[in-house]
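Listed below, chain by chain, are the residues.
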Amino acid sequence: MPDVMPEAQVRATEIMAAAGARELHDGEVAVVGIGLPQVTAMLARRTHAPTLTTLLEIGVINMDPKDTPVGLADSRSFYRATCWSGFLDIMGMNLHRGVVDVGFLGALEIDRYGNINTTLLKEESGKIRYFNGSAGGNDVASLAKRVMMILRHDKRKLLNAVAHLTSPGFVGGKSRQELGLRGGGPHRVITDKAVLGFDSDTRSATLLSLHPGIQLDDVLASTGFPLQTPKQIPLTPLPTAEELRLLREEIDPNRVYIT
Amino acid sequence: MPDVMPEAQVRATEIMAAAGARELHDGEVAVVGIGLPQVTAMLARRTHAPTLTTLLEIGVINMDPKDTPVGLADSRSFYRATCWSGFLDIMGMNLHRGVVDVGFLGALEIDRYGNINTTLLKEESGKIRYFNGSAGGNDVASLAKRVMMILRHDKRKLLNAVAHLTSPGFVGGKSRQELGLRGGGPHRVITDKAVLGFDSDTRSATLLSLHPGIQLDDVLASTGFPLQTPKQIPLTPLPTAEELRLLREEIDPNRVYIT
Amino acid sequence: MSEKVKTIAEVVKTVPDGSHIALGGFAIARNSISVAHELIRQQKKNLTLSQSVVGLETDLLVGAGQVKRLIMGGGSLDRFGPVHCVNRAREASREFAHDYSSLSITFRYLAGSLGISFIPIKCLLASEILERLEAGSAAEDVRRMKCPFTGEEYLLMRALNPDVSFIHVQIADRDGNCQIDGPTWSNEVQVKAGNRIVVVTEELVPTEVIRRNPERTIIPGHRVEAVIHQPFGGHPTGVFGCYDYDAEHLKLYVNHSKRAETFPEYVKNYILGTKDHWEYLEKVGGAKRMSELKAVQIQGY
Amino acid sequence: MSEKVKTIAEVVKTVPDGSHIALGGFAIARNSISVAHELIRQQKKNLTLSQSVVGLETDLLVGAGQVKRLIMGGGSLDRFGPVHCVNRAREASREFAHDYSSLSITFRYLAGSLGISFIPIKCLLASEILERLEAGSAAEDVRRMKCPFTGEEYLLMRALNPDVSFIHVQIADRDGNCQIDGPTWSNEVQVKAGNRIVVVTEELVPTEVIRRNPERTIIPGHRVEAVIHQPFGGHPTGVFGCYDYDAEHLKLYVNHSKRAETFPEYVKNYILGTKDHWEYLEKVGGAKRMSELKAVQIQGY
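Chains as they are written, first to last, in our numbering: chain A, 1 to 259; chain B, 1 to 259; chain C, 1 to 301; chain D, 1 to 301.
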């Protein structure tokens with residue numbers, strides 16, 4: 001098995017997991033959800049960040065599941081934890097206490113300032129459709145030192161204005177301090193096409209790297225807001241052979257999340 | 001063994017424990033300290049109040065010690081509990097939550113309004129001597145529905161003004177509502193000579209009963225504040241033979257507290 | 001003490017219409033299904049429900065039309081789908097739900113459990129969640145304030161004290177002392193904030209068992225009004241250490257819940273069509289199915 | 001992760017003079033004696049100590065003259081006597097101690113542990129405790145306020161966040177995950193309010209032991225900066241499940257502490273005169289005495 005796989009054999013979700021894992025540093029504390037965020041954290045733990053601490057909002061620390069959970073509430077995600085507690089400990093005495101380095105969030109929609117909507121969508125007809133709401137999303141967005149968003153790259157998901165501002169990023173381009181928020185705010189957006197960051201001056205989304213085989217035009221066309229792009233656009237590194245082996249053989253052998 | 005013991009053979013502490021136990025009703029929740037309060041609660045549990053719940057501030061519910069503890073912090077008082085928690089649960093989620101019926105408090109000094117001093121004494125020389133302070137005392141006095149004080153009857157302990165108002169009763173004769181306090185306030189003072197209550201109008205201490213063999217003059221002379229006294233003064237009932245057996249053989253066989 | 005061990009029907013009879021109820025489940029974990037079913041059988045009306053993360057139990061009650069107001073942090077059925085009935089109700093009326101976040105609901109319960117009438121938090125600020133709360137009937141439950149010591153801006157929230165809190169646990173004794181296996185999300189504060197507390201337990205154990213691990217007693221008996229012994233009372237949700245969620249039945253549920261027209265059929269077949277939880281369990285596969293779901297001890301599912 | 005297992009001396013070296021330290025003991029239970037001794041050996045100065053209920057560890061540090069400010073709810077050595085050194089210091093200066101109550105200190109830690117800078121409480125009102133706080137240097141930590149929702153009068157208190165929180169536990173692993181046997185008074189919030197957390201453990205266990213009862217993990221390892229393995233580190237106080245308090249030594253202590261003149265002799269003989277806790281243990285009876293104090297497993301003392 002070559003050290004780097006030919007890109008044809010690599011799935012976008014595998015590139016996303018590897019890109020996310022690279023953003024996690026050893027010794028850090030991360031609030032993760034089930035799905036790609038957990039896969040990403042697992043990959044980091046089994047490679048360069050063995051002492052990364054993973055927190056599940058429900059009250060589970062350092063889960064080590066042997067079977068793939070279908071969600072936070074699945075007993076499979078309680079397996080071999082080092083601590084079972086609850087929201088008050090995880091979200092209160094850790095997240096609100098200010099010791100969470102990274103929070104992963106999914107989204108129905110995000111805007112250029114990393115504001116997240118997980119509550120509702122407006123259909124063309126004008127009809128409003130409701131979804132899960134915040135759960136821990138607003139808490140994580142308000143308080144984590146770095147927020148990482150993972151979502152499909154689609155101009156109906158990355159757009160100028162979200163239908164509902166569930167979880168604040170740099171609202172209106174304002175600094176977190178101006179907004180009265182403690183956490184550092186949006187840090188990365190990892191999609192199936194690219195990795196985005198946020199400009200330190202404008203606080204607006206900027207293109208950091210394109211996944212191998214993805215064209216800039218494609219990304220711009222799939223982005224509903226003006227995206228800052230550097231002259232030289234680096235490629236998102238492909239997962240190493242070892243990363244792929246871990247993802248495919250150990251972390252998600254049944255391809256529940258690496259689809 | 002006769003149903004009621006001749007008083008000569010009964011200790012004052014035994015009369016106090018029996019009098020205190022009679023103030024506890026089945027199904028109630030009491031915050032107790034180690035010593036006479038615990039002995040009193042144990043006696044109530046083993047007679048008319050089998051489902052009385054006892055809480056120890058430190059985080060112990062329904063202790064059932066087989067050896068006599070020297071204090072709250074003695075492992076002997078953790079034995080066979082139904083719940084181990086801590087201050088936040090006992091004093092916060094029970095006492096501050098408003099579900100504690102009775103709180104027992106000792107005192108260095110009390111005044112006619114049931115205000116308690118457990119912090120300091122002023123010596124004749126003017127020198128101030130410090131003692132334990134509040135610990136849970138102020139919390140119990142502020143929040144329990146009924147407060148029961150147990151202390152030695154001495155005019156240097158029951159006086160017009162306490163040297164330091166650690167735990168509020170009916171401060172200045174005011175109602176608890178006027179004082180902004182939730183708990184019902186002072187209910188009984190149980191001494192080695194008598195049982196006192198508090199007048200519903202004046203909120204001042206009133207004599208409820210004299211222990212057998214104690215003269216009114218003795219009590220008045222041992223009370224440093226004017227004590228309301230009824231025309232007919234009842235006698236504090238002596239402990240029954242069964243109560244004495246329980247106290248002497250089961251609850252405090254080594255006479256650590258029943259001295 | 002009067003006997004606390006009661007049937008679900010007896011206890012639910014004592015819950016008036018219009019009550020504020022807090023159920024102890026989370027998505028598809030440890031839901032008070034047996035309680036939700038009986039609330040539906042007895043047709044309790046105009047209920048207010050509060051919950052940090054809603055799941056099947058709440059979706060059932062909302063779908064059955066018995067809920068007037070939902071105070072929620074969020075919710076789903078994990079990978080089995082969204083809480084369709086709850087979402088439809090939110091679509092029908094913007095005032096139906098007061099949307100918060102997991103932690104803000106938990107803090108409101110914490111305040112309630114401690115007997116303090118308000119608590120500060122650094123969440124919801126600069127979000128449309130707060131704008132909506134301030135613009136609607138929830139305005140009386142939230143206030144912005146600067147910390148008098150640090151000057152930092154906070155949101156103050158009113159304490160939540162449910163009229164009745166229900167919790168589903170693995171073991172409890174006849175006095176109501178109960179112990180939970182696995183994570184407890186907001187259970188301790190949700191329950192201790194309740195003015196009445198009802199425990200539904202998979203196993204009814206002697207108090208001696210409780211005394212063996214007193215540090216695991218999450219709710220002490222003196223706070224508990226009633227104890228209901230109902231094995232598999234959380235089906236089709238999972239109860240760690242006892243049984244796994246029932247994936248087939250959850251899919252069947254979502255197939256009914258995803259459309260308003262088909263939901264009543266689920267209620268008719270599985271709830272109104274069964275006289276109690278035992279009959280319900282027979283309907284969904286009985287002893288054979290329950291044995292298939294039973295947890296393997298070491299792994300807990 | 002860098003190795004967390006360290007010696008007491010190493011850890012205490014990193015504590016600057018003037019630090020705010022919270023020790024985890026209660027009267028004569030689970031005191032951080034090994035830590036207090038080393039703070040004395042290294043002559044740390046101008047310390048601020050906070051504690052819900054002070055005991056021997058704090059009396060030692062105050063008696064040794066290393067404490068500038070004590071924030072306390074109360075304290076004693078149970079039936080062995082009062083905390084004489086603490087009381088003498090309070091007699092010497094009215095500003096030495098900020099007197100609160102057990103619950104008010106616990107609430108201040110709770111606020112600190114949750115990262116909220118203030119918290120309301122219904123204690124201390126209408127008492128001379130509050131009058132004194134408001135009249136002295138503690139005035140900046142308390143404010144009266146009406147609840148914006150109910151109008152009820154409250155005392156607001158500033159959160160307490162010790163620079164370093166120490167806790168003595170029965171078992172911990174090398175990552176710092178620790179579990180306590182018996183009641184925990186204010187330990188969880190006292191420790192989680194700390195900006196640095198140091199665990200002293202009777203037993204150092206493999207993480208596998210922690211994973212067996214994850215619900216008992218009171219402080220998760222990622223919060224812990226250092227783990228110190230010191231058997232009998234609480235002597236002469238009792239550690240439930242490990243050993244009983246040493247009644248003879250406690251009497252000996254009080255015989256020294258009750259008079260300012262005799263206290264230095266105790267410090268000289270048992271602390272400055274011993275190079276570490278092992279030498280201290282030899283001085284107070286060594287293996288034979290420790291074996292006498294060792295707990296009988298079923299009863300825990």
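Bear in mind the hints are in silico, worked out from the structure with no lab data behind them. Remember, predicted model here, so these are calculated numbers, not experimental data. For glycine and all other residues, C-beta sits at the position ideal for the given N, C-alpha and C. Some hints could be false.
Said to hold, decoys possible - Taking lysine-lysine and the BS3-like style, the derived pairs with C-alpha atoms no more than 25 Å apart in a straight line are:
1. 4/D x 145/A
2. 66/A x 294/C
3. 174/B x 157/B
4. 283/D x 122/B
5. 283/D x 127/B
6. 251/C x 66/A
7. 146/C x 174/A
8. 288/C x 258/C
9. 6/D x 127/B
10. 127/A x 258/C
11. 146/C x 145/A
12. 258/C x 294/C
13. 4/C x 145/B
14. 268/C x 251/C
15. 268/D x 251/D
16. 66/B x 251/D
17. 157/B x 258/D
18. 66/B x 294/D
19. 251/D x 174/B
20. 146/D x 145/B
21. 157/A x 258/C
22. 122/B x 155/B
23. 275/D x 4/D
24. 251/D x 283/D
25. 294/D x 146/C
26. 258/C x 45/C
27. 127/A x 68/C
28. 258/C x 122/A
29. 155/A x 66/A
Said to hold, decoys possible - Sample of chain C residues with no beta-carbon within 10 Å of chain D, all distances over it, derived:
30. 11
31. 79
32. 96
33. 125
34. 134
35. 148
36. 216
37. 264
38. 269
39. 275
40. 283
Going down the list of hints, with the structure as the test:
1. Between residue 4/D and residue 145/A the alpha-carbon distance is near 24 Å, which keeps this suggested pair within the 25 Å criterion.
2. Taking the CA atoms of residue 66/A and residue 294/C, the gap is about 18 Å. The hint holds against a cut of 25 Å.
3. Of the pairs offered as hints, the one joining residue 174/B and residue 157/B holds, with about 22 Å between alpha carbons and a cut-off of 25 Å not exceeded.
4. Note on residue 283/D and residue 122/B: the hinted pairing is violated, with a Cα-Cα distance of about 40 Å set against a maximum of 25 Å.
5. With a CA separation close to 38 Å, the supplied pair residue 283/D and residue 127/B exceeds the 25 Å bound.
6. At most 25 Å may separate the alpha-carbon atoms for a hinted pair to count; residue 251/C and residue 66/A meet this at roughly 24 Å.
7. Our distance criterion of 25 Å between C-alpha atoms is met by residue 146/C and residue 174/A, whose separation comes to about 20 Å.
8. For the hint linking residue 288/C to residue 258/C, the alpha-carbon distance of about 28 Å lies beyond 25 Å, and the restraint is violated.
9. Under the criterion of a C-alpha separation no larger than 25 Å, the hint pairing residue 6/D with residue 127/B is inconsistent with the structure, at around 46 Å.
10. For the hint pairing residue 127/A with residue 258/C, the CA-to-CA distance comes to about 17 Å; that is within 25 Å, so the pair holds.
11. Restraint check: the Cα-Cα separation between residue 146/C and residue 145/A comes to about 22 Å, which is no more than 25 Å; the hinted pair holds.
12. Annotation: proposed proximity of residue 258/C to residue 294/C is violated, straight-line Cα distance about 28 Å (limit 25 Å).
13. A hinted pair counts as satisfied when its Cα atoms are at most 25 Å apart, and residue 4/C with residue 145/B qualifies at roughly 24 Å.
14. Under the criterion of a C-alpha separation no larger than 25 Å, the hint pairing residue 268/C with residue 251/C is consistent with the structure, at around 17 Å.
15. Distance hint between residue 268/D and residue 251/D is fulfilled; the C-alpha atoms sit about 17 Å from each other, no more than 25 Å.
16. Among the hinted pairs, residue 66/B with residue 251/D is consistent with the structure: their alpha-carbon atoms are about 24 Å apart, no more than 25 Å.
17. For a cut-off of 25 Å, the pair hint linking residue 157/B to residue 258/D stands: about 23 Å separates their Cα positions.
18. For the proposed pair residue 66/B and residue 294/D, the alpha carbon gap of about 18 Å is at most 25 Å, so the pair holds.
19. Only pairs whose Cα atoms come within 25 Å are accepted, and residue 251/D paired with residue 174/B is rejected, the gap being roughly 44 Å.
20. For the given pair, residue 146/D sits about 22 Å from residue 145/B by alpha-carbon distance, which is consistent with the 25 Å threshold.
21. The suggested pairing of residue 157/A with residue 258/C holds, with an alpha-carbon distance near 23 Å, which does not exceed 25 Å.
22. As the CA atoms of residue 122/B and residue 155/B are separated by approximately 15 Å, the hinted pair is consistent with the 25 Å bound.
23. Between residue 275/D and residue 4/D the CA atoms are separated by roughly 22 Å; this keeps the pair inside 25 Å, and the hint holds.
24. Of the pairs offered as hints, the one joining residue 251/D and residue 283/D holds, with about 16 Å between alpha carbons and a cut-off of 25 Å not exceeded.
25. Pair hint residue 294/D plus residue 146/C does not hold up; C-alpha atoms about 52 Å apart against a cutoff of 25 Å.
26. Simply put, residue 258/C and residue 45/C have alpha-carbon atoms about 23 Å apart, close enough for the 25 Å limit, and the pair holds.
27. Restraint check: the Cα-Cα separation between residue 127/A and residue 68/C comes to about 22 Å, which is no more than 25 Å; the hinted pair holds.
28. A C-alpha spacing of about 19 Å is found between residue 258/C and residue 122/A, which places the hinted pair at or below 25 Å, so the restraint holds.
29. About 37 Å separates the Cα atoms of residue 155/A and residue 66/A, which puts this hinted pair outside 25 Å; it is violated.
30. Distance check on residue 11/C: its Cβ is at least 27 Å (rounded) from any Cβ of chain D, clearing the 10 Å threshold; non-interface status holds.
31. Here residue 79/C stays apart from chain D, with its beta-carbon at least about 24 Å from theirs, past the 10 Å limit.
32. Even its closest Cβ contact with chain D, about 22 Å, leaves residue 96/C beyond 10 Å, as expected for a residue assigned away from the interface.
33. Listed as a non-interface residue, residue 125/C keeps its Cβ farther than 10 Å from every Cβ of chain D; the least gap is roughly 13 Å.
34. The claim that residue 134/C lies off the interface holds: its Cβ sits roughly 13 Å from the closest Cβ of chain D, which is beyond the 10 Å cut-off.
35. At roughly 5 Å, the least C-beta separation between residue 148/C and chain D is not larger than 10 Å, which violates its mark as non-interface.
36. Non-interface status of residue 216/C relative to chain D is broken: a Cβ of that chain comes within 10 Å, the nearest being about 7 Å off.
37. Chain D leaves residue 264/C outside its interface by the beta-carbon criterion, the shortest separation being 39 Å against a cut-off of 10 Å.
38. Even its closest Cβ contact with chain D, about 38 Å, leaves residue 269/C beyond 10 Å, as expected for a residue assigned away from the interface.
39. With 10 Å as the threshold on Cβ separation, the claim that residue 275/C sits away from chain D holds: the shortest Cβ distance comes to roughly 36 Å.
40. With a least beta-carbon separation of about 34 Å from chain D, residue 283/C lies farther than 10 Å from that chain, consistent with its non-interface assignment.
When the structure is compared with the earlier hints, violations turn up for hints 4, 5, 8, 9, 12, 19, 25, 29, 35 and 36 and for no others.
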